[in-house]
Structure formats: C-alpha cells, structure tokens
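J.: Single-letter residue listing:
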Amino acid sequence: MHAESEIREPLILGNKTYHQISEDIVRPIEGKATKQWYMLLTLATICFLWGIGCLAYTIGTGIGVWGSNNGVDWAWDITNFVWWIGIGHAGTLISAVLLLFRQKWRMAINRSAEAMTIFAVMCAAIFVVLHTGRPWLDYWLFPLPNQFGSLWVNFNSPLLWDVFAVSTYFSVSLVFWYTGLVPDFAMIRDRAVKPFSKKLYSLLSVGWGGSARHWSRFEEVSLVLAGLSTPLVFSVHSIVSMDFATSVVPGWHTTIFPPYFVAGAVFSGFAMVLTLLLIMRKVYRLENYITVKHIEYMNIIIIVTGSIVGVAYLTELFISWYSGVEYEQYAFLNRATGPYWWAYAAMMTCNVVSPQVFWFKKLRTNFAFTFVMSIVVNIGMWFERFVIIVPTLCRTFIPSTWNMYHPTFIDVGIFTGTIGMFFTFFLLFTRYFPVIAQAELKSIVKSSGQEHKEKAKHHHAH
Amino acid sequence: MGKTQYWKGLDELSNSPEFVQKAENEFAEQLPLEDFLGDNNLAQNNGTNRRDFLKFLGFSVTAASLAACETPVNKALPYVVRPEEITPGVANWYASTYFDGNDYSAILVKTREGRPIKIEGNELSKVSMGGTNARIQASILSLYDSSRLTGPTANETPVTWAISDKEIINKLTAISAKGGNIRILSSTIISPSTKSVLSDFTAKYPTTKLVTYDAVSYAGITSANELTFGKAVIPSYNFAEAEVVVSIAADFLANWLSPMEYARQYAALRRVSKSHAKMSKHFHFESNLSLTGANSDEREPIKVSEQGKVAVNLYNAVAKLTGRSALSSSALACDATIANAAKELVENKGKSLVIAGSNDTNVQLIVNGINQLLENYGKTIDIENPSNLHQGNDASFAELVNEMNAGKIDAVIYYNTNPVYTAPASLKFADAMKKVKLNISFADRSDETSRYANYIFPDHHYLESWNDFNPRKGHYSLSQPTISPLFAQPRNEGTRQAQESLLLWAGISTDYHKYIQNVWSATVFPMQGKYMMFAEFWNNSLHDGAIEVATGEEKVLAENSKDDKKKETKKKEDKKEEAKVVAKVDLGAVAQKVNSVKGGTFELALYEKVAIGNGNQANNPWLQELPDPITKITWDNYVTMSPADMEGKYLLMKRQDREASVVNVTVNGVTVKLPVVPQPGQAKGTVGIALGYGRDRAGLLSTQVGVVGQNVFPFIGVENGTLNYGSLDVKIEAANETIEIAGTQVHHTMMGREIVRVTSLEDYKKDPTAGNHPEMLHTNSGAVNPNTIDLWNEHDKLGHRWGMTIDLNSCIGCGSCVVSCTAENNVAVVGKKMVMNTREMHWLRIDRYYSTNWPSEVAEAREKASEKGVGIKDMYMDMENPAVENPKVVFQPIMCQHCNHAPCETVCPVLATNHSSDGLNAMAYNRCVGTRYCANNCPFKVRRFNWFNYNGNSDFKFNPTQDDLGRMVLNPDVVVRSRGVMEKCSMCVQRIQAGKLEAKKAERKLVDGDIKLACAQACPTNAIVFGDLNDDNSAIAQLRKTDERNYFILEEIGIKPTVSYLTKVRNCELEVPEKTEVKTAEKA
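Chains as they are written, first to last, in our numbering: chain A, 1 to 462; chain B, 10001 to 11084.
Honestly, I wouldn't trust all of these hints.
Example chain B residues on the side facing chain A (calculated, C-beta under 10 Å, incomplete) [claimed, not checked]:
#  : residue
1  : R10658
2  : H10747
3  : N10837
4  : Y10849
5  : N10900
6  : P10903
7  : E10905
8  : C10938
9  : R10944
10 : V10981
Some residues of chain A that are not near chain B, with every Cβ distance over 12 Å (derived) [stated by the list, open to error]:
#  : residue
11 : P195
12 : A212
13 : F367
For the record, the hints were derived by calculation from the structure and aren't laboratory data.
As the structure is a computational prediction, the values presented were derived from the model and not from experiment.
Each residue gets a CB set at the ideal place from its N, CA and C atoms; glycine is no exception.
Throw the hints in and build the complete structure from the sequences for me.
T.: Here it is in structure tokens:
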C-alpha cells in the first residue's frame, strides 16, 4: 500500500520563485521610502534626540537628576538595562538555538530578530554605561594594565561578570548577524545600478562570490557562531540576574533568579519580535513570508516562557514563606501589597495571566490580538524588573531606612530616548538592510515537493 | 720632592705612545659621526627647506602660545618666619569656652595651620563635664559665616571705628549729661570681667542700667526660689545622685538649664552591668514628646494646662506618704502614675529630684515644696552654689519695653540679644525700639534687631575673643582667641570685641585681655591657694580652660582626678543642712491658683529643638540639616499634633511620603502658617511648635534657601511677670493646602525586627542576656549560631583590630555626634530638597523607633493574625502604625558597621571599597566609579552617594565648601568628596592614623583611649566605646567578652559587623500578655 505522510504546510506562501523572493526583499531598499516610514522615523528620531538631551544633562550635572536616592540606588537605570538586555535574547535564541534545532521557520524572522538584539543591547549599554556616578571612568571596569601595579578589577563582583557577559554577547551577536548578511548584501550589490549603492553594498558584502566554497564556509561559520551563541543565550541573563542573586538584599538573594531571568528574557524578546514583525509584514508586504504559522509558533513560545515565569513568581512567594526568614517574607509581601502593589499587579496580570489566552488557537493566530498582547507582555516585563529593583530596595533590613522612589522627568526622558533610538535604528535597518535572510530563505522554497508531484500527476494524465 | 702618583689604569701607568695620543683626544673612542653624517638619505634631506621652515614656525608659534596660556596657579608659600607653635599638618589644641547667653560649655578647639576646625568638650570642667551639644559642635562653622559684618555700620552704611567711636562718646556724654537713661539689654552675662566693664561704663555714664533678658527664660525658677529661700537664683541640680527623677515637662537632656551636665550625670545612673544591675527611675509628664520624655521610663502625656496640677497632685501624693497636710487638688487621668512616682520618690528621699519646665512661678513653688518634702535640698539640689546661667529677668525686660514706649529711654545698647525676633508679640518690641533715639547693637550681623539700630558695632566671634566665665559659684573658665580676627584691617574695617568698645567709650584704654587679667588677679586669684604667682595661675588656668576655686571657707580643691569624686561627696555630706526657708510660702493659695487654670480645646507648648535652640545660629546649615531627634525632620519647624486629633481634623497623615497638611495657628491674634506632623505621644488636645525658626535676617542662608520655618516667639505670653511658653487658647484651622517636609526617617516602627534589643531592668537582673537572644540558624545538625558558619576565610588578626560598641542605654539620641562627625569629616550639606529625596550625607544617623506595648506588640500582632483571622498584611499594617497615645521610644546611632564580611566589598567591580588590615571597611574615593552597587548591598544603608557636585553646583550654595570663608572649616586631613563617588563612615581613620603616629613618635605602644573618634568625643553620655579588639586589656575587648548585652545587628546574615550594640534596659514593666508567653513556651 502506498502510504504518504501528510504534506506540511509550506513555510512560504504564494508559490514564490527565487526571483520573486529577491524582488520582495529588496523592494524596500531599492524603492522609495513611504510616507509612513518617514513619519515613524521622524517620531523615533525626535525621541532619540530628546533622550540624548536628557543624557547630556545627566552627564553634565550628575545622576542626581534621576529619582534614585540613598536607599534606592538603582531604579529606572537598571530596570531599563535588564529590560533591554532581556529583549535582545529572542534574536539570539531564534538565530542560534533554532538553527541548531533545524527549525526552518526561523529563516523568515531571524534577520530582524538579530537586528533587534543588536539594537536592544545598544540601548541596554547606554544604561549600564551611564548609570555610574563617573561614567568617564567606566573603563576601569575592564582589567586593563595600569601604572598602579596590582590595582585590578574585582573578579568577585557580578557587575564585572556583567561587563564580560554583555560585551561578549554583543560582539558575538554582531558578528553572527553580519555573517548572515553577507550573501544578502551581495545580492543587493549585484542588482544595484546606482554607483554609490553599488560601491556601498560591495564593500558590505566583502567580496562574496557565491561559489560553493563560499557557501560551505558560510555554513560552517554559521554553525560555529550558533554554537557560540547558544550558551550566551543562557549565560548573559543568568549573569545579569546574579547582580541581584548574589547580593544579601532580601528579595534579591534567591537561587531561582538565573533560570527565571532567562525565561523572562525569552518571553519579552519574543514579544518584541512579534511587535516588530507584525508591523513590518504589513508595511513591507511580507505577508507571504511572515505567516500565521510564525506568529503561532512564537505565541506558543510566549505561553511556555510566560508560564515558566509565572511558576517562578509563585515559587518565589512559596520559598519566601517556607524559608521562615522574616526579611524574605516581608520583602515579598511588600512587593505584592506594599506601596508599589500596583507595579506587582501589573506584572502579574501582564506576564502570568494574559499570555494564558494563547491556549486558544483562535487568539494565538489572530494578528491584531497578538500585536496587542506583545505590547502587554513587554509592559509586564518592564514592571517585573521594576518590581525586583525598586520596591525591594525601598524596604530592606532596617525599617528606619525605608523610603519611596519617584522617577523624574529625566528618568522618563532617557527611557523614551532609548526607545526612540531603538526604533530609529530599526527603521534605518529595514530601509537599507535586507530584512529577511533571503539567501537562507531560498533554501526552503521547495520544502514539500508538492509542486513536482502535481506536475507528475498532470504528466501521467496525458 | 716626591709626588704620589695615582693612575687610572695600567695604560696610564705604562704611558704608551698610543695612550698618550688617545688621551689628547676629548673622546677616547671614535664617535660614529662619519657614519651618521655620511648617511646619504640624511645628507639629501639635510637642508632646511621651506616646508620644514613653515613646520618649525607653526610648531614654535603654537608652543609659545600654549606656554603663554595661564594655568591656575595655586601658591603654597612657606612662612618667612615660622610661627613657633604652628607646624603644618600638626593640630594645635586650645582650651576655650563656649557661651552664647544660653549654652555653656568648656571646650577644646582644634586648630590646623592657624585656623580652628573642630570643637571638643573639655573634660576638666566640672560644669559641662566634657559634654558638647550639637549647637556647640556646629558653632565652629558660625565663625566662618560670610553673613557676618566686617566692620561697624551706622544706619546700614559702613563707617570707621574712629569716627563712630567719637560720635558715640559724644552722644552718650550728651545723654548722661542731661540725665537721660541708658540701658544695656543683654542676655545672661556670666563673665566677671564683662560685669566689671559694665560697672566701669556705668561709672562714666551713671544713668546706665543693665537689663538681662533671655529669649528662653527660666525666671519662674528664680522668682520661686526668691519666694521660698530669699535667693533669686537657679540652683545647681545633681542628677548623678538622683535615683528617682520626676520631670514635669522639663527637657533636661536637651535644653533645660544645663543639659550637657545633666545628661552626663543622668547617664551615669542609667548605666547597668551584671555587677551593677541598678538604674535610676525616671518619670516624665509632658505635652510634646521631648527628647527627655523619649528617654524616660514612665511617660505620661498631659495637657499644658495640667502641668501645675500634676505638680500639686504629686505634692499631695508625697505629702500623704510623708504624713504632711495636702493641698486642694483636682483629679487627673495620670493620677496612678503620680502615685507611683510619689511612692518611688518617698522611698528615695534625699536621693531624688522633682523638676518642672514651666516658667510659671506658682508651678515652681509647688515643685520647691515637693523637693522640700523629699529633703532634696543640700543633696540633689544645691541652692548654696547656684548656677549663674539663665539670669534673665522677664519683669525688668517688660518694664524696659514700657519705658522705651514711654520715651523715657534715650539709648539702648544691645549685647548678644535679638529681642525684635524673640520678644513676645504683645510687647511690640520693634515699635518700642523706634522710640529710642540711640540704638547701638553689638550683633555680628544685621539681624532682626540690629537692622533697626543706629549703629552696629560687630563683636568678635567667640573663637576670636578673650573672655572669662563664671558659670557657677566657684567655677571659672576662660576663652581665648584661636584665630586672629577674620575681618581686620587693612582689608576690612574689622570687628571689635564688645567689651573693648564699652571700655573705650568709658574712656579706659586697657585692652580686654589685660583687663581680664586684672580682674582675675583681683578677684579669682585670691580665691585659690594652689599657685603663688598670678602669672603661673593665669597660664595654668588658660591651659586648662576651666578651673575650680574655693567657694567660701573651704580650701582649694585639688586638681581634677578620679579620687576627687569621693572628696566631693564627702564635702556634700558635710554641708548637709537644708537650705533655709526665709518666708513660709502659702502653698495652699498657690495650689488654688494652679488649680484654677482652665484648659482650652487646643493648647500649645513651645519648645526648643536640639539643633536650632533659640535660633541664634539659624544661619548654620549644619544645624538646619540635623534631624530633630524625635520627628527626624530637617530644615523646618512644624506643628506636632496627636494623630487622633489629626484624624478629627481630616489632616494628611501619610506615613511613607513627605507631604503634610498646612494649618493656620492663631495665638493672641498672631497667625502663623505651618505644616502639621502626626506625633505619636503628643498629648491629645495639645500641639507643639519649635522656637528658633523663621528668621528672615539670619544671614545668607535665608536668601539661598528661603526663610526656614516660621517664627513662633510672638506666641509667647506674658503672665504674672514671667514669659509663658505655653498657650491655652490656640486656634487651629486647616489651610486646605499641603507642603513637603524633609524627614530623614519616614518609617517609624521596627516591624517586629530585633534591630534595637530592649529588656527591662527586672528581667535583666534575672538574666543578663534578657532581650538579647542570638538569631539561630536551623541546620541538619540542629540550631547553630550563624556566626559559626562561614563561607569566607577569617581575616588575619595581626596588629590592631578596631571596634566600636554603642551602649543603647546611655545613648539619649541628642545628635551631637552627628554634627561632630559632619565637622570632622567634611560631610556635605545637601539641603531640604535632597533630604526629601533621601539623599542626606550624614555618615552617622540616629534611628528612632516607636513601639507600642514594647516588646510584645509583635507577638500580639502575630497572635491576632493567627487567632482572629487577621490577614498577614493587616498584621504588618498593625506593626507599621506606631502607638498613637504614648509610645516607647528607642534611639540607635547607626554608621558604617565595618562588617568583616562586608557585602559592599564583594560587589564593587573596581575594588574601591576594601577591608583594611586593621579591620576597617575602607573607601578609596579616587577609585570609585559610582556604580552604587555597594549601597544597594549594604544591609544598614549607611553608604552615601554624591549625586551632585555639592561643592560646585550652584543649587547647593549653602554648602560650606562653596563659600570662600566656609571652606576654612574643612578638616585638611579628610578629602572633600566629588560628584559620583560613594562615601561613608571611615571610623575617623585620620584620627586612628594620628593616634598611631603619636604613639610611634613617642616610641610606645598605643594605649587604649589614645584615639577618640569624633562621635565618641562629642557624646555627652559616653555611650560610644572605641578601641582595639586585639588588645585584651582594652575597654572594648573586655566589654565584648564580658557583657551579655553585647549584640550585632543582622549578624544572622553572616556579615560579621565590627560595630556592636548593648541592649537597652528600661526601668519599667515589660508588657507581655500572658497568652503570648504560653505560646512561646509551647514553641520552645
């Protein structure tokens, strides 16, 4: 008996030919930018410049212009840092982990996800670099040789691990991203007619010739980089979490932090990928490449990671109670019911409750709903970091030091500024870079062979 | 003639021809000149071409112009002739005296390179006993106050001394010629020489009279003593002998009469140890929660109108127990406590003390009566050796105002007083002043009073002047200049000592220094018998600063030494005879008057704050930023009100925020707008407001930050000839607006955490570890002391290992350590806005907690939670609410605990904070990048971050470092921290180093007590012990080993702090509900 397994749905819709794919992907680069694009870019740039202004003011005057104080020494700065770093995680996960697991659906989304990673890490870097009291001395955090002989950095400090983790992460991500871009740049170069863009893209494509040897090296490098990036997905946020976990502060001093931070990072990262892709597929007419299937898969990841995060929240509560430690118990009670209860409530609702609606297929395949949810998740994840940092520091061991934190105008300005920077860069990316890894994508155009079968059938009939 | 030949080498010796030839050349070897010059490449490019010329030209022009740019030149010029006593880098200490008409203290002044930078108490004085308060500590900064006048002014325009002196002499002569009245209005003068100057002045101008007026008056005590004993004096009180103290609203630890002395004496009786499990008992009746009330064992909130009635009822209770007849009385809510107090008092007859803060003569008469019943005179109250402080005479002041109004006064000279600011509104002093033709002020600035004066002749600051003091019969001290006058010719016209001005006008040209010597050789010298020569006596007196002389028939007292005490007590026993009662006061009639006082719906009790006092140093930012010990609020005065009353008025009572409702307070037709603060322990129906605020002409501070607070001196009433600091008819209306106030502590309870450990004397007697049970860690091998579990290696115990222990039983929370630390360590002033944002920089803070039914409240709350089904959230809410009615109060000074496993050290990425080999947690400011991770990880939150450049940012103009003059107060041994750097208590590492160096120079071992930290030195009660833990004989090592009260805060988290505390012991009942006891037993 002739048994044939069910045919998988194709990953690219619309029976695209190779040429059509090239055309579709290169369209935003070769064509004229739309009005919408200009409007968005203007808005993003204004926010970006505004943030630069606030940063300049901060550097000129001192970080006293923020709301942090001698009790809550970290607030929006580190909240935003962790938030942005977390967002970055999805890009690496999609490009590295999914590559290793041969998840071919990633091909339509990995390029922009990686770009998002790069930009998010840059935003995060702004906070981690400029949150110090004397940012011009930040280079002291690197183990540089100096004239003081034995003056060295403190390898015990998680903040130092952070420096290594984040810089490694950024450089590996950047290289990985760029490697992937090379064949695509070459494609644009080959099509380019204007001398300037021809020159630019040929520079960017570093002499890519498309020979079999090139392709083989490309594949090898991709695999090696994927192997390098995979542990980074887990290490970076684990180490970020250790900033908190290795401290003595009740509410921070928990072993659950590393896995829970990684889950949270993936959670928020996928949400951000969704936010970006859902806009992009509409604006650049990529509906055939970024399909409902992608959205559904990502939403499933969101349910999984969201649930992990939810379990972690509950575990924290349980452990704090079970530990019998007065300070721990109070720290968590304070998070939930103290003066910042609303932040905790926002976190719980957005991160734990809301993703559960994706159990319904109808909802997880609905574009508009997914878009709203992706923003909700990121709001929730911002609040998660806020809840971990601010309400915890507000009330630690000694009640006489308990106080409140209020953000200032500048705090808000800098955060808005990084969002502006992120979108400015992303918009420029969509305009000048191939937003989909077309070279890779072309390898899955004929995933099913259905076409040939049908052709054969047709042939037999004659 | 043979010549010894020396040769350089064998070649020279043999003197071969080659050698001779070689030796003729300048260079023995061939220089590779040819190779160099023969280089073809070089030869080709050898010529300087046009391009090179232009290059060189450009370079030299740039270099020349760069060299011409002026870099800031900081000149450090050496002395041409080195002053004998000044060695750069070495501090000189001078004995001197602080007296501002109110606070008296014999002090030592530390000078560096000729400028005074720190004030410490002089242990040789038997009056101030080495104690200093916050105001005295801060007075060093008032020296460097840019608001001071730099020369005399006439009607606000600068004049010269020469011309104005002539004018004054003419005017005064004219006045006295026509018989016009001249008055000298002054706060209390305790200087024999000044008094002599005044009599010389009076001799020249016979119509002169001295009127003594104190802003905060104790005339009630004086007049009561006049009525009882025929002596208008303030007696000396001896708290060191008072086993039972009953205070009716007398804040004797902070402000009343001679607080530093009383604090030290009081603390001596509060110190407990295993071998001496005994302490005095302190009852306190008051309306506001004062510092003294907070330290008492039994406190009763009473209305202002009840003060006298409490005295009467106490009299009756004592009379009943001693079998005397009672006075008419009325029932009070606190009668049970009164009976209790009476019982204790009678049991300790002659070893007790009853005092009252009221300035009402009648109340003081009753109190005198009680003390007579208790036979305290001659024992704890010494009327024979009275205090000379607080001689203010309210009646004569009121009379002066009347005379001025009537135009009877032709000239008034103001010395050390500011009546326009401090006088009651009803006296309308400013108006009276305008009726006087000649007003001469000696104020150091154009303040509220002197602005109306025709002439201001600015007096020297006390650190620039000579003076003498006689604070109590038989006790003398001197003050000497520790710096030459800051404002002097030729740059400024200069200030001049008031006494010198008066002498000059009296036609006497002796300088005041010589004048004092003359006075002393005539009066003080004969009273002593120790020195034969006056010069010797003078030099020794000047060296010691404070001396004691015989007060009558007795012989000279020996020098200060420990065995002195015995002699003294012996002496006291000798003169046991009770003070003679001259006129039998009809206490019955007095009691009737007292009882007839009718209370109002709202009553007001005015009080002084530890920091600001009567406001004469209101321009001192250190004092403005010192939190009030009770409310912890800085930079403001406010209305304290019972939370119950506030609820009734719908006023804002948020605990966690800085917002406060504003109310209009009206007394005697004067209305003042002030924020209102909920104050647990405030008697219902009463409000309290601090004096000393609202000075609009205090100096630059008021222009830099605005007028601080509101002036409530106008609220003072004048009743029965004395100033009354309470008002029984106060109108309080909500102003329907809110304002932000800056408190350094917004959470007021301990939330059931054992941060401050407390026990009762009874329990302590049974078990010295009472209240101090170490937190145990439950492991698989049973409960273990967390100190025994360690992830880290133990530190080496070589050399010194510094440690500090604070006796919470002795700490009264007064805050002088905080100001002392500020002065010693150049701590920045950050201002109200920054304090509001929890950014105060104090390295040392004093935490204050309220507790309800201490210490069972937590147990109770937990029980409530478990039994009555109250949720855990409500349980904590219960804990958050401090008892409204009458809380117990504890104080806890907290500075860096110098943890041996410091959480801050492990997290700093750049190793800016490190452990020193002698056990200190050190900060390398230069290395600090400012990640603030250390501050987050500090369990005590003692790390202070420089959020701004407080030394340059124009928003912080009031910081002394931003003022050329103010900068002179900085301690050169301590670096001024820049923006973006973390700082914290260094355990005065500069003092430790200095002490070590001294010992090294003297080639001896460091002895315990060689090093005294700034906080420990300033502590009036000696609550802070510092020393070397590695030295087995040191006081601290002994204490750590033997005292069961010793504990470390949060030691259960494994940080191994270096600073420890001693459990607070209270001499009152533990209020543990029976149920809880059973529960804990079950648990155990």
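J.: Now look at each hint and say whether the structure bears it out.
T.: Now the hints, each set against the structure:
1. Proximity of R10658 of chain B to chain A holds as hinted, the smallest CB-CB distance being about 8 Å (cut-off 10 Å).
2. With its C-beta approaching chain A no nearer than about 4 Å, H10747 of chain B sits inside the 10 Å limit, and its interface hint holds.
3. For N10837 of chain B, the shortest C-beta to C-beta distance to chain A is roughly 5 Å, which falls under 10 Å, so the interface hint holds.
4. At a threshold of 10 Å, the smallest CB-CB gap from Y10849 of chain B to chain A is about 7 Å, leaving the interface hint in force.
5. Restraint check, N10900 of chain B versus chain A: the minimum CB separation of about 14 Å is more than 10 Å; hint violated.
6. Checking P10903 of chain B against chain A: minimum C-beta separation of about 5 Å stays under 10 Å; hint holds.
7. Proximity of E10905 of chain B to chain A holds as hinted, the smallest CB-CB distance being about 8 Å (cut-off 10 Å).
8. For the restraint placing C10938 of chain B at the interface with chain A, the shortest Cβ-Cβ distance is roughly 9 Å, inside the 10 Å limit, so the hint holds.
9. Interface hint at R10944 of chain B: satisfied, since its Cβ lies 6 Å from the closest Cβ of chain A, which is below the 10 Å cut-off.
10. Proximity of V10981 of chain B to chain A holds as hinted, the smallest CB-CB distance being about 6 Å (cut-off 10 Å).
11. The beta carbon of P195 of chain A is kept farther than 12 Å from every beta carbon of chain B, the shortest such distance being approximately 37 Å.
12. The beta carbon of A212 of chain A sits about 48 Å from the closest Cβ of chain B, which is more than 12 Å, so the claim that it is off the interface holds.
13. For F367 of chain A, the shortest C-beta to C-beta distance to chain B comes to about 42 Å, beyond the 12 Å cut-off, and the non-interface label holds.
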